[in-house]
Amino acid sequence: MISIATKKPELSLDISSAAPPAPSNEKIATHIFKSKLPDISISNHLPLHTYCFQDRLSDDPCLIVGSTGKTYSYAETHLICRKTAAGLSNLGIKKGDVIMILLQNCAEFVFSFMGASMIGAVTTTANPFYTSAEILKQFRTSGAKLIITMSQYVDRLPKTDKDFTVITIDAPPENCLHFTVLSEADEDQIPEVAIKPDDPVALPFSSGTTGLPKGVVLTHKSLITSVAQQVDGENPNLYLTNGDVVLCVLPLFHIYSLNSVLLCSLRAGAGVLLMQKFEIGALLELIQRHRVVVLSGAAPLGKELEDALRSRVPQAILGQ
Numbered sequence: 001m002i003s004i005a006t007k008k009p010e011l012s013l014d015i016s017s018a019a020p021p022a023p024s025n026e027k028i029a030t031h032i033f034k035s036k037l038p039d040i041s042i043s044n045h046l047p048l049h050t051y052c053f054q055d056r057l058s059d060d061p062c063l064i065v066g067s068t069g070k071t072y073s074y075a076e077t078h079l080i081c082r083k084t085a086a087g088l089s090n091l092g093i094k095k096g097d098v099i100m101i102l103l104q105n106c107a108e109f110v111f112s113f114m115g116a117s118m119i120g121a122v123t124t125t126a127n128p129f130y131t132s133a134e135i136l137k138q139f140r141t142s143g144a145k146l147i148i149t150m151s152q153y154v155d156r157l158p159k160t161d162k163d164f165t166v167i168t169i170d171a172p173p174e175n176c177l178h179f180t181v182l183s184e185a186d187e188d189q190i191p192e193v194a195i196k197p198d199d200p201v202a203l204p205f206s207s208g209t210t211g212l213p214k215g216v217v218l219t220h221k222s223l224i225t226s227v228a229q230q231v232d233g234e235n236p237n238l239y240l241t242n243g244d245v246v247l248c249v250l251p252l253f254h255i256y257s258l259n260s261v262l263l264c265s266l267r268a269g270a271g272v273l274l275m276q277k278f279e280i281g282a283l284l285e286l287i288q289r290h291r292v293v294v295l296s297g298a299a300p301l302g303k304e305l306e307d308a309l310r311s312r313v314p315q316a317i318l319g320q
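Residue numbers for the sequence shown follow the UniProt record's numbering, so the first one is 1 and each next one is one higher.
Simulated from the structure, these hints should not be mistaken for lab results. Just so it is clear, CB atoms sit at the ideal spot from N, CA and C, and this is done for glycine as well. Be careful, since some hints might not be right.
[Claimed, not checked] Ranges between beta-carbon positions, derived for each pair:
| no. | residue 1 | residue 2 | range |
| --- | --- | --- | --- |
| 1 | G211 | I280 | 29 to 39 Å |
| 2 | D39 | Q189 | 34 to 44 Å |
| 3 | A133 | D39 | 41 to 51 Å |
| 4 | F129 | G211 | 30 to 40 Å |
| 5 | Q288 | E76 | 42 to 52 Å |
| 6 | T180 | I32 | 27 to 37 Å |
| 7 | P197 | E304 | 36 to 46 Å |
| 8 | T180 | G69 | 13 to 23 Å |
[To be verified] Straight-line distance between alpha carbons at most 25 Å, and here's what the computed DMTMM-like set of lysine to aspartate or glutamate pairs gives:
| no. | residue 1 | residue 2 |
| --- | --- | --- |
| 9 | K214 | E304 |
| 10 | K159 | E184 |
| 11 | K70 | E192 |
| 12 | K95 | D244 |
| 13 | K94 | D39 |
| 14 | K70 | D232 |
| 15 | K277 | E304 |
| 16 | K137 | D155 |
| 17 | K145 | D198 |
| 18 | K145 | E174 |
| 19 | K94 | E76 |
| 20 | K70 | D198 |
| 21 | K145 | D170 |
| 22 | K159 | E76 |
| 23 | K70 | D155 |
| 24 | K70 | E187 |
| 25 | K196 | E304 |
| 26 | K94 | E192 |
| 27 | K94 | E187 |
| 28 | K145 | E192 |
| 29 | K214 | D232 |
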């Protein structure tokens, strides 16, 4: 028994046997704040690849290689992604397995990422300029079974007892395969895989604010939800439309570019102009040649880009 007494000893409160308060008919006030805009419908029951290519299998430009001008339509891109999915399956990659993409921005990056999604595999994206030790750490932590890269990076790949497959998008060194084993596979050989919204599809690594990079598990549902908030609905954050050209100079191995540039553009039906590295002269030339309407950048690029752009295009509107 717990007693609370006042100065008058005859007044006490015994809560050991106190009856519960009688239920009240008074409504509890709730405070729910909503936008004046209507809710958007988020198709997070779909796999990521289906969502991104939904109703987009046309001859409209999808991927444009900045260095060569080679253009892949949405129909061509989707077909090569399917072939890549079949090729990965032929090499033993199955649902839940992890592949590593160690590439700069290129069409093969997109084919590999979306192809892996189609068979329920997970992609971990890595900076091709990592040291051997950094690549090894991410390789071991992610449990990758296959690496897609360029021949110039092969010497820095993990030296381990674990068997894994290496595929290069250019002439393959000894014991490596060429990307055509994926891109020329029979798309009809894609296995039927049941993909759930909470299945992982991407495993980017980020150091956050401190420490060494750590893997971040992203599901089909989480990426679709993120993309939908940016490009779907009546008032999207990114006003992308079919036929727009979006310049992708930020590295696709980073989640900002992968999510907010590539995936958002695919969902909106925009063309993605792939640029491997930032060089102000080449960037401005690509903007002019391909009539770029959106360029996502990072703060370090800002001042140089602003000065160069204002000198050439005084009427340009710059915003953050």
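Here's how the hints hold up against the structure:
{"no.": "1", "hint": "G211 to I280: 29 to 39 Å", "result": "holds, 33 Å"}
{"no.": "2", "hint": "D39 to Q189: 34 to 44 Å", "result": "holds, 40 Å"}
{"no.": "3", "hint": "A133 to D39: 41 to 51 Å", "result": "holds, 47 Å"}
{"no.": "4", "hint": "F129 to G211: 30 to 40 Å", "result": "violated, 20 Å"}
{"no.": "5", "hint": "Q288 to E76: 42 to 52 Å", "result": "violated, 25 Å"}
{"no.": "6", "hint": "T180 to I32: 27 to 37 Å", "result": "violated, 55 Å"}
{"no.": "7", "hint": "P197 to E304: 36 to 46 Å", "result": "holds, 41 Å"}
{"no.": "8", "hint": "T180 to G69: 13 to 23 Å", "result": "holds, 21 Å"}
{"no.": "9", "hint": "K214 to E304", "result": "violated, 32 Å"}
{"no.": "10", "hint": "K159 to E184", "result": "violated, 29 Å"}
{"no.": "11", "hint": "K70 to E192", "result": "violated, 32 Å"}
{"no.": "12", "hint": "K95 to D244", "result": "violated, 34 Å"}
{"no.": "13", "hint": "K94 to D39", "result": "violated, 36 Å"}
{"no.": "14", "hint": "K70 to D232", "result": "violated, 29 Å"}
{"no.": "15", "hint": "K277 to E304", "result": "holds, 15 Å"}
{"no.": "16", "hint": "K137 to D155", "result": "holds, 16 Å"}
{"no.": "17", "hint": "K145 to D198", "result": "holds, 22 Å"}
{"no.": "18", "hint": "K145 to E174", "result": "holds, 18 Å"}
{"no.": "19", "hint": "K94 to E76", "result": "holds, 24 Å"}
{"no.": "20", "hint": "K70 to D198", "result": "violated, 36 Å"}
{"no.": "21", "hint": "K145 to D170", "result": "holds, 20 Å"}
{"no.": "22", "hint": "K159 to E76", "result": "violated, 36 Å"}
{"no.": "23", "hint": "K70 to D155", "result": "violated, 29 Å"}
{"no.": "24", "hint": "K70 to E187", "result": "holds, 22 Å"}
{"no.": "25", "hint": "K196 to E304", "result": "violated, 44 Å"}
{"no.": "26", "hint": "K94 to E192", "result": "holds, 11 Å"}
{"no.": "27", "hint": "K94 to E187", "result": "holds, 15 Å"}
{"no.": "28", "hint": "K145 to E192", "result": "holds, 21 Å"}
{"no.": "29", "hint": "K214 to D232", "result": "violated, 30 Å"}
Of the hints listed earlier, those the structure fails to meet are numbers 4, 5, 6, 9, 10, 11, 12, 13, 14, 20, 22, 23, 25 and 29, in rising order.
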